[in-house]
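A.B. asks: Chain by chain, the residues:
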Amino acid sequence: MLRIRRLEERCIHFAETGDGLIRAHYHLYIGQEAAGTGACAALAPADRVFTAHRNHGHVLAKGGDPARILAEIIGRSGGYLGGRGGTFHVAAPEIGILHTSAIVGGSLPLAAGVAFATKKTRDQRVTLVFFGDGTMEEGVFTETLNIAQLWKLPLIFYMENNSVSAHERVGRGSPTSEHAAKALSDVPRAFDVHTTVVDGTDVEAVQALVRGLADRVRRGEGPFFVESRTTRWPGNYGSFPKLVGGDTDIAWTWDAAAAPPAIASWTADSDPIIRYAVRLLGTGTLNRDGLRAIDAEVRAEIDAAASWALASPPPAEEDALAHVYR
Amino acid sequence: MSTAETGTRVMTFAQALADAVDEILDEDARVTLIGARFTGHTPSAYVMDPVLRKHAARITWPPISELAYCGIAVGAAMAGLRPIVEMSTSTFSYEAIPQIVNEAGIISATSGGRVGAPVVFHMLYGIRGAGGPQHSGSPQPWYWNSPGLQVAMPSSPADVKGLLRWAALRSENPTLFMDHQRLMELEGPVPEGRYEIPFGVAEVKRRGRDLTIVATSIQVSRALEAAALLAREGIEAEVVDPRTLEPLDRETILGSVRRTGRAVVTDESHDHCGVASGLAAIIAEECFAKLRAPVRRVSIPSAPVPYAEALERALVPSAERIAAAARSVMR
Numbered sequence: 001m002l003r004i005r006r007l008e009e010r011c012i013h014f015a016e017t018g019d020g021l022i023r024a025h026y027h028l029y030i031g032q033e034a035a036g037t038g039a040c041a042a043l044a045p046a047d048r049v050f051t052a053h054r055n056h057g058h059v060l061a062k063g064g065d066p067a068r069i070l071a072e073i074i075g076r077s078g079g080y081l082g083g084r085g086g087t088f089h090v091a092a093p094e095i096g097i098l099h100t101s102a103i104v105g106g107s108l109p110l111a112a113g114v115a116f117a118t119k120k121t122r123d124q125r126v127t128l129v130f131f132g133d134g135t136m137e138e139g140v141f142t143e144t145l146n147i148a149q150l151w152k153l154p155l156i157f158y159m160e161n162n163s164v165s166a167h168e169r170v171g172r173g174s175p176t177s178e179h180a181a182k183a184l185s186d187v188p189r190a191f192d193v194h195t196t197v198v199d200g201t202d203v204e205a206v207q208a209l210v211r212g213l214a215d216r217v218r219r220g221e222g223p224f225f226v227e228s229r230t231t232r233w234p235g236n237y238g239s240f241p242k243l244v245g246g247d248t249d250i251a252w253t254w255d256a257a258a259a260p261p262a263i264a265s266w267t268a269d270s271d272p273i274i275r276y277a278v279r280l281l282g283t284g285t286l287n288r289d290g291l292r293a294i295d296a297e298v299r300a301e302i303d304a305a306a307s308w309a310l311a312s313p314p315p316a317e318e319d320a321l322a323h324v325y326r
Numbered sequence: 327m328s329t330a331e332t333g334t335r336v337m338t339f340a341q342a343l344a345d346a347v348d349e350i351l352d353e354d355a356r357v358t359l360i361g362a363r364f365t366g367h368t369p370s371a372y373v374m375d376p377v378l379r380k381h382a383a384r385i386t387w388p389p390i391s392e393l394a395y396c397g398i399a400v401g402a403a404m405a406g407l408r409p410i411v412e413m414s415t416s417t418f419s420y421e422a423i424p425q426i427v428n429e430a431g432i433i434s435a436t437s438g439g440r441v442g443a444p445v446v447f448h449m450l451y452g453i454r455g456a457g458g459p460q461h462s463g464s465p466q467p468w469y470w471n472s473p474g475l476q477v478a479m480p481s482s483p484a485d486v487k488g489l490l491r492w493a494a495l496r497s498e499n500p501t502l503f504m505d506h507q508r509l510m511e512l513e514g515p516v517p518e519g520r521y522e523i524p525f526g527v528a529e530v531k532r533r534g535r536d537l538t539i540v541a542t543s544i545q546v547s548r549a550l551e552a553a554a555l556l557a558r559e560g561i562e563a564e565v566v567d568p569r570t571l572e573p574l575d576r577e578t579i580l581g582s583v584r585r586t587g588r589a590v591v592t593d594e595s596h597d598h599c600g601v602a603s604g605l606a607a608i609i610a611e612e613c614f615a616k617l618r619a620p621v622r623r624v625s626i627p628s629a630p631v632p633y634a635e636a637l638e639r640a641l642v643p644s645a646e647r648i649a650a651a652a653r654s655v656m657r
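Keeping their order, the protein sequence lines are chains A and B.
Just so it is clear: in the first sequence, position 22 is 22 by this note's numbering, and no numbers are missing.
Just so it is clear: in the second sequence, position 49 is 375 by this note's numbering, and no numbers are missing.
Just chain A, same shape as in the assembly (with noise of 0.2 Å):
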């Protein structure tokens, strides 16, 4: 989770050098690191996950490497796609992420198909696909549920509602998006999906549900659903995220009082991070020292990736045309 945020302060750092590194608009996972990190900790290394524009927590959990994920989101040939994908499509087919698609709901029917293809062929390897609450509201949403019922494909829907608030998130829940469903999780439970409601800062939660789900999958079960609830962070509010109150400080998990009021309250209530260091401290597997000690050593794990994306060259011009066909 960790590893996310460090990773995700540095695209924010990038982006505000404003010398060309980030050209355009980008999407951070930061708040929901807990829903990627704790989903994909419960899948084998050779499952299938499918992610979308806000692709960088999910890609590093999924185990892939900061510094080819940094040098993709600032387009350089290091990076996993040679930078012909950039921030908004970060996949390495190598720990399983096949393709990426940066259109709401695009991945869907792509997961699906992989699903299917591990059906016909007796894998045992899971499919599972993120999506936000916003994808709801597309057909392709509802084509895809249907079809995934229909065919029982071995495929867990895993949908990250990122704008509930803490509050909410422990009750039923509202749509967040441009929603009818009183609930968004009503909506898998009309096709007769099996419909899961988790706590998506809570990394624990998340990973006990998926690997329960997952081993299920493999005994030849599914589709699953899941609506994670998280809740939006306070610079994530349009598509050019700022760095409200800096960044994330370790020493907020014990003294709550230093984190500035723009993200305070969010911070105590809703960062899966600092939330899960204060169980860390309570149950006492950890100490501060011990806090500080693995802070330290994802700061220089950054650090050390940043220092390689930026030293990667840009890809060659005569690239461009390159792999159109296979």
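Derived by calculation from the structure, the hints in this document are not laboratory data.
Values in this document were obtained by computation on a predicted structure and should not be read as measured data.
From the three backbone atoms N, C-alpha and C, an ideal C-beta is built for every residue, glycine too.
Do not rely on the hints blindly, as some may be mistaken.
Unchecked claim - Okay, derived cross-link-like pairs now, DSS-like style, lysine-lysine, Cα gap no bigger than 30 Å in a straight line:
hint, chain 1, residue 1, chain 2, residue 2
1, A, K120, B, K380
2, A, K152, A, K120
3, A, K119, B, K380
4, B, K380, A, K152
Said to hold, decoys possible - Over 12 Å on every C-beta distance to chain B, these chain A residues come out as not near it, computed from the model:
hint, residue
5, I12
6, T118
7, E138
8, H167
9, R172
10, S174
11, K182
12, V193
13, R216
14, G220
15, G245
16, G246
17, R275
18, G284
19, E301
20, H323
What the hints assert, rightly or not - Chain A side only, calculated, beta carbon under 7 Å to chain B, not exhaustive:
hint, residue
21, G78
22, G82
23, P93
24, G113
Chain A is fixed; fit chain B onto it per the hints.
C.D. replies: Quick look at chain B alone, frame taken from chain A:
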């Protein structure tokens, strides 16, 4: 084609298509069908029946969800299957444009060639007779305009079999396989045995010294009919069939035009940015110094295809219209 003309059997386009599907399923266990009515509502629909019975376990019949099932086929192709999606009427593919154009078409390029989507989207296009404005569509220019997709447009029984076998068994790229509704009953010699026709290899369907008619799919039959009319007037037309638009055999087309110095291009899609327009632009750019007349296009005027027979007929790029265009470039 590798097989000698001696070992051939005359059959309809529909029968050659059905034979190809049967052989493909026999030969490669990775091939899976999503939908399977390759011969549509044509008079030849029945020829698929034995194939559907024999391979019932290989066919998945989808709900009316073109966008999702085309995407599922793309995903399954990425995961190692070789799906063939039978979409029936080509305009239904408009419902699936996001997955065909914006996903299948970009996968190889975006992944640096590490991931491919060898899927075939088969569809029946064109003015079928009483199809009206929504069932007579010709989307080949849409897909030719979309990088990463291959477009096949067979004109004969031998070609449909060889090209479909290539697309399904050999190609590593997504293919739009467009069969004209009215070709199903066309008869022609088909080589005995199993053979493929690689994409990107045009065929000269008729030799001629006076002008080149570049024709796709059903327009080949119409161009050959026009060439017969012209021959009575002493005009010898060469008819070149690209067979696939992407990849395109530019050399065979341009070589013919350089020899004859005159070109008519015909495809049953609309004028604006149509297939005929695209081919005419290539010819004009590459052969300008050799051209003795402007390149003429014979395609569908930009109007929705109407229902009534008299109105429909007015839009068909017929043999008479091709012959008239040929006469105009001969002046």
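A.B. asks: Decide, hint by hint, whether the structure agrees.
C.D. replies: A quick look at each hint next to the structure:
| no. | hint | result |
| --- | --- | --- |
| 1 | A:K120 with B:K380 | holds, 18 Å |
| 2 | A:K152 with A:K120 | holds, 11 Å |
| 3 | A:K119 with B:K380 | holds, 22 Å |
| 4 | B:K380 with A:K152 | holds, 24 Å |
| 5 | I12 | holds, 25 Å |
| 6 | T118 | violated, 7 Å |
| 7 | E138 | violated, 9 Å |
| 8 | H167 | holds, 35 Å |
| 9 | R172 | holds, 29 Å |
| 10 | S174 | holds, 27 Å |
| 11 | K182 | holds, 25 Å |
| 12 | V193 | holds, 15 Å |
| 13 | R216 | holds, 20 Å |
| 14 | G220 | holds, 17 Å |
| 15 | G245 | holds, 35 Å |
| 16 | G246 | holds, 34 Å |
| 17 | R275 | holds, 35 Å |
| 18 | G284 | holds, 45 Å |
| 19 | E301 | holds, 25 Å |
| 20 | H323 | violated, 4 Å |
| 21 | G78 | violated, 12 Å |
| 22 | G82 | holds, 5 Å |
| 23 | P93 | holds, 5 Å |
| 24 | G113 | holds, 2 Å |
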